[in-house]
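Novice: So the chains spell out like this:
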Amino acid sequence: MTSASASADHERPVKLACRNVWKLFGAGAERLFADGAAAPSAEALARAGLIAAVREADLAVREGEIFVIMGLSGSGKSTLVRCMSRLIEPTAGAVLFEGQDLLKASEAELIALRRHKMGMVFQHFALLPHLTVLGNVAFPLEIQGVRRAERERRARAMIELVGLGGRESYYPRQLSGGQQQRVGIARSLAVEPEVWFLDEPFSALDPLIRREMQDEFLRLQRLLRKTIVFITHDFDEAIRLADRIAIMKDGAIIQSGTPEELVMQPATDYVAEFTREVSRAKVLSARSAMEPPVPGARLSGSVPADAKIQDLARRVIASDGAVAVVDADGRPIGQLTRDAVLDILAGQSDRPA
Amino acid sequence: MSATAGIAGAQPARLQPWPVLWAVLLGATFLLFFSEGLHDALEGLAPWAFEYPRAWVIPLRDWVSGFMQWLINDFDLGLFTFKEFTRSISWLLTWPFAFANSLLAEGFIHGRGDKAVLLWPRLSWLAVIAIAVLMGFYAQGWRLALLVGACFAYLAVFGQWTSAMVTLSSIAIAVPFGVVGGLLLGIAGFRSARVERAMAPVLDLMQTVPIFAYLIPALYLFGFGPVASMIATIIYATPPMVRMTILALRQVPDEIVDFGRMAGCSRRQLLWKVRIPAARQSLMVGVNQVIMLSLNMVIIASMIGAGGLGYDVLTALRRLDIGAGLEAGIGIVVLAIALDRLSQAFAARPPEQQREDSAGLLRRHPYLAAGLAAAAVTWIGGLVLPALGSYPESLTLTTAPFWDGLVSWININFFDALEAIKTFLLLNLMIPVKRFLLTLPWPLVVGLVALAGYQLGGLRLAALTAALVLFLAVTRQWENAMETVYLCGVSALIASLIGWPIGIWAARKARVNAVVQPVIDTLQTLPAFVYLIPAVMLFRVGDFTAMIAVVAYAVVPAIRYTILGIQRVPPTLIEAATAQGCTRRQILWRVQLPLALPEILLGVNQTIMMALSMLVITALVGTRDLGQEVYIALTKADTGRGIVAGLCVAFIAITADRLIGAWSGRLKTRLGLA
Numbered sequence: 000m001t002s003a004s005a006s007a008d009h010e011r012p013v014k015l016a017c018r019n020v021w022k023l024f025g026a027g028a029e030r031l032f033a034d035g036a037a038a039p040s041a042e043a044l045a046r047a048g049l050i051a052a053v054r055e056a057d058l059a060v061r062e063g064e065i066f067v068i069m070g071l072s073g074s075g076k077s078t079l080v081r082c083m084s085r086l087i088e089p090t091a092g093a094v095l096f097e098g099q100d101l102l103k104a105s106e107a108e109l110i111a112l113r114r115h116k117m118g119m120v121f122q123h124f125a126l127l128p129h130l131t132v133l134g135n136v137a138f139p140l141e142i143q144g145v146r147r148a149e150r151e152r153r154a155r156a157m158i159e160l161v162g163l164g165g166r167e168s169y170y171p172r173q174l175s176g177g178q179q180q181r182v183g184i185a186r187s188l189a190v191e192p193e194v195w196f197l198d199e200p201f202s203a204l205d206p207l208i209r210r211e212m213q214d215e216f217l218r219l220q221r222l223l224r225k226t227i228v229f230i231t232h233d234f235d236e237a238i239r240l241a242d243r244i245a246i247m248k249d250g251a252i253i254q255s256g257t258p259e260e261l262v263m264q265p266a267t268d269y270v271a272e273f274t275r276e277v278s279r280a281k282v283l284s285a286r287s288a289m290e291p292p293v294p295g296a297r298l299s300g301s302v303p304a305d306a307k308i309q310d311l312a313r314r315v316i317a318s319d320g321a322v323a324v325v326d327a328d329g330r331p332i333g334q335l336t337r338d339a340v341l342d343i344l345a346g347q348s349d350r351p352a
Numbered sequence: 000m001s002a003t004a005g006i007a008g009a010q011p012a013r014l015q016p017w018p019v020l021w022a023v024l025l026g027a028t029f030l031l032f033f034s035e036g037l038h039d040a041l042e043g044l045a046p047w048a049f050e051y052p053r054a055w056v057i058p059l060r061d062w063v064s065g066f067m068q069w070l071i072n073d074f075d076l077g078l079f080t081f082k083e084f085t086r087s088i089s090w091l092l093t094w095p096f097a098f099a100n101s102l103l104a105e106g107f108i109h110g111r112g113d114k115a116v117l118l119w120p121r122l123s124w125l126a127v128i129a130i131a132v133l134m135g136f137y138a139q140g141w142r143l144a145l146l147v148g149a150c151f152a153y154l155a156v157f158g159q160w161t162s163a164m165v166t167l168s169s170i171a172i173a174v175p176f177g178v179v180g181g182l183l184l185g186i187a188g189f190r191s192a193r194v195e196r197a198m199a200p201v202l203d204l205m206q207t208v209p210i211f212a213y214l215i216p217a218l219y220l221f222g223f224g225p226v227a228s229m230i231a232t233i234i235y236a237t238p239p240m241v242r243m244t245i246l247a248l249r250q251v252p253d254e255i256v257d258f259g260r261m262a263g264c265s266r267r268q269l270l271w272k273v274r275i276p277a278a279r280q281s282l283m284v285g286v287n288q289v290i291m292l293s294l295n296m297v298i299i300a301s302m303i304g305a306g307g308l309g310y311d312v313l314t315a316l317r318r319l320d321i322g323a324g325l326e327a328g329i330g331i332v333v334l335a336i337a338l339d340r341l342s343q344a345f346a347a348r349p350p351e352q353q354r355e356d357s358a359g360l361l362r363r364h365p366y367l368a369a370g371l372a373a374a375a376v377t378w379i380g381g382l383v384l385p386a387l388g389s390y391p392e393s394l395t396l397t398t399a400p401f402w403d404g405l406v407s408w409i410n411i412n413f414f415d416a417l418e419a420i421k422t423f424l425l426l427n428l429m430i431p432v433k434r435f436l437l438t439l440p441w442p443l444v445v446g447l448v449a450l451a452g453y454q455l456g457g458l459r460l461a462a463l464t465a466a467l468v469l470f471l472a473v474t475r476q477w478e479n480a481m482e483t484v485y486l487c488g489v490s491a492l493i494a495s496l497i498g499w500p501i502g503i504w505a506a507r508k509a510r511v512n513a514v515v516q517p518v519i520d521t522l523q524t525l526p527a528f529v530y531l532i533p534a535v536m537l538f539r540v541g542d543f544t545a546m547i548a549v550v551a552y553a554v555v556p557a558i559r560y561t562i563l564g565i566q567r568v569p570p571t572l573i574e575a576a577t578a579q580g581c582t583r584r585q586i587l588w589r590v591q592l593p594l595a596l597p598e599i600l601l602g603v604n605q606t607i608m609m610a611l612s613m614l615v616i617t618a619l620v621g622t623r624d625l626g627q628e629v630y631i632a633l634t635k636a637d638t639g640r641g642i643v644a645g646l647c648v649a650f651i652a653i654t655a656d657r658l659i660g661a662w663s664g665r666l667k668t669r670l671g672l673a
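These protein sequence lines are chains A and B, in that order.
Going by numbering that gives the first Met the number 0, the first sequence opens with residue 0, and the numbers climb by one from there.
Going by numbering that gives the first Met the number 0, the second sequence opens with residue 0, and the numbers climb by one from there.
Check the hints yourself; a few may be wrong.
As the list claims (entries may be wrong) - Once the Cα atoms are required to be at most 20 Å apart in a straight line, the calculated EDC-like pairs of lysine to aspartate or glutamate come out as: (1) A:K281 with A:D235; (2) A:K116 with B:D257; (3) B:K272 with A:E276; (4) A:K281 with A:D328; (5) B:K272 with A:D100; (6) A:K281 with A:D338; (7) A:K116 with A:D100; (8) A:K307 with A:D249; (9) B:K272 with B:E254; (10) A:K307 with A:D268; (11) A:K248 with A:E106; (12) B:K272 with A:D242.
Calculated directly from the structure, the hints in this document are not laboratory data.
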């Protein structure tokens, strides 16, 4: 982890965390953990005839961040997110919600938690076909017993927020895919949750609509600052949206970090495979491309350390040779040369720095 | 791996064991049939194989009868006796039925006989038609409204009104019981795998036991009359609702259930606010089935006192009064069509918008208001002008003379042709098959069925089918059963031979399909009883008449599944075949039919099931099979006899169903369709 971004994270408390979470499918899965064994080996699983959908998952989602879990189909990402909301009962491990183990919560506590603190958006929208847009968005409130006038007022506000005002009395089948997912989003936000799960929310949409919905999602997040767990199989989407990404393969998290960290230091060839096609300029910041400050160097102007190369490339290239990189307080911490920027733009960042 | 595959591929000439075994066994069977010497010799050696020994019979019949007697006479549930229990059920059902019957058919009457005073007239025929039209309009639109209106108008104009309303009131009471009961049982089965496992064989049995067999215990426990018939109807109509509920609840997408849980639903909220509304459309299909099965049963239950249209047909058939029978039969048909289309339209109807404005009850429910208005206006009008209350008898039309004339015209002009067909089929197909089946020794049949079961589904299926077939022998129903198998087999064969070409034709020509589909849809909604009428008209009584009625009833699935199977062949395969230069005929024989085969087999299965259920009803025209046994038991209220014979029919059905189902499943796996 690059130190500066990590220290920024440490300022925010952890909202939701997984500690050594396992989900095994098959008969007698619990027995493997009964004697306190922490991690059954792959051979032990094969011998017992069990399939590990999630193995040894450790992650921490901080308040207000977008945490993306990325993996191809069958990697266990959907199972993991369902373990985090206890829609699926994990076989072993702990899921900590604000420090409390969710797996020890009673049925009633769990229901209360879901009613007030969690929201979820689904890949295929999961709208109730017999209810209107208004009825769908108001449904979580209805379940809680909120009075009709009140819940409809709040639902209308949410529908307005996602830009569907005027369509309150439509039925889901009368809406396009993108509109249906807007309803799904409005519905998941109606209870004003603290943790927001999105399970491949845009995967079922056309590419153009997907793009539009991603922008919409970022707009909402700037407004609402929720703690978000976002599932996707699309690495570009992950890069675009994430504060941090965890990459899953065969049930295990193989690397997690900021998009920049994944691109700069892929932990395995598998991760490198994903990052190869990613445009460096969009991901890398001035901080990771800069060189140590050279005393007395002639610098034309300065750029903030967190700015992406893509956004400052023109300025650096137009400069005489290098610009100063300054931290949040305006202190110079390095310099960024024209060559370094050109290399990144040309896709040659593998060059030893 | 590849080495062994190569070796296996290199020995194509080696004989497959199964076909050889079957050839030998079937050859031996035919030898036994054609060589009387061998037959006699074998019979001398082992007479027990040909005539099931009396000493080995399990007296299930007496046990069942004894049990029923004990139930009625001695069974004490502690607080009350079983007899009191049945009485109270009877009492509970009498009231709603009496109400519906008064409302629709008789009017509210105080007192009996000469002293009877009409307190309140029944709903006017105009009001009922108006309500039906409103329902049609509400559910779908003008076309349905017109259709339903015309159906009910037919009942009024052709003098079937009162009978139809008696039938309708039975259905109106039976259906809610069937739907609610089925829903609750289905929910129980959905929630608990153990309950579902326990219910599955019972449901299988209930759906294969012939319709008459329901009547017997109902008659025995509840006596002759509308209540017994309604109980039989409810029990008969509930199983599909149970199945449909389990299926529908299971088909609710996981995501929707996940959403419900994430919204914080309690178990109860999850069921009633998420699962059931999301499954609404499939559940409505179940409701439609309950309605149609109720109609089917109510018609047949006229034998134990249901009255109504079924009773009219029954009495007309007994008098061989073809005209009157057909007229009442058409009454049943139009009622069936109206009920089916209405309930289907309600099922398909998208949920409606709730009106938020507080405009008052009537404004919020305009259809309800209009219906009530129609009832009120016609009632007041009826006080002034009686024709508004009940359809004037002087304006009643009758088609009976026309039908009578038509039938005698056919009989005069085509008697020889019809008789020739009948004789030809009897002599060349039906009687030989019957003789063949009756000469087979029962151990051989049990063995062959078990072998087929083993080949198609393994040891379990072999054991099940062998046990089911053995039941026919040990209850001493072997000969009756073979009569049933023969009639059912011949009918299913002929129905398939008629149904396949029609199905193929319709599947390949959209224009033909546009005609065939509505026809088979309508045929499928008609109560089984109706099919008897034309058969009796043309061929009087006997096995041949029964066969014709069974074929007419059972041909629909043969057509439907053939169409379905061919249409489900992926279009890309057809394109590929066309691109390779196949002619249309080659595409049919080499691509479509082989891939449609599993589906067509399922159609054969359905044809056999329907044939069996119809066969029992044809006992009315004098067959000599298990159906007759059930029918005789019904007339004598002999529960043991009826139930044992009914179980035999059910077991034949289940045996055929499991064998063909396993076969179709194997084919599907092999074709990669499963």
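Novice: Are the hints correct? Go through all of them and say.
Specialist: Hints versus structure:
1. A:K281 with A:D235: With a Cα-Cα distance of about 11 Å, the restraint between A:K281 and A:D235 holds, given a limit of 20 Å.
2. A:K116 with B:D257: 16 Å, holds
3. B:K272 with A:E276: At roughly 46 Å apart (the allowed maximum being 20 Å), A:E276 and B:K272 break the hint.
4. A:K281 with A:D328: 24 Å, violated
5. B:K272 with A:D100: Violated, at roughly 29 Å.
6. A:K281 with A:D338: Holds. A:K281 to A:D338 sits at ~17 Å (cutoff 20 Å).
7. A:K116 with A:D100: Given that 20 Å is the threshold and the Cα spacing comes to 15 Å, the pair holds.
8. A:K307 with A:D249: 32 Å, violated
9. B:K272 with B:E254: 15 Å, holds
10. A:K307 with A:D268: 25 Å, violated
11. A:K248 with A:E106: 31 Å, violated
12. B:K272 with A:D242: Distance ~37 Å between B:K272 and A:D242 Cα, so the pair is violated.
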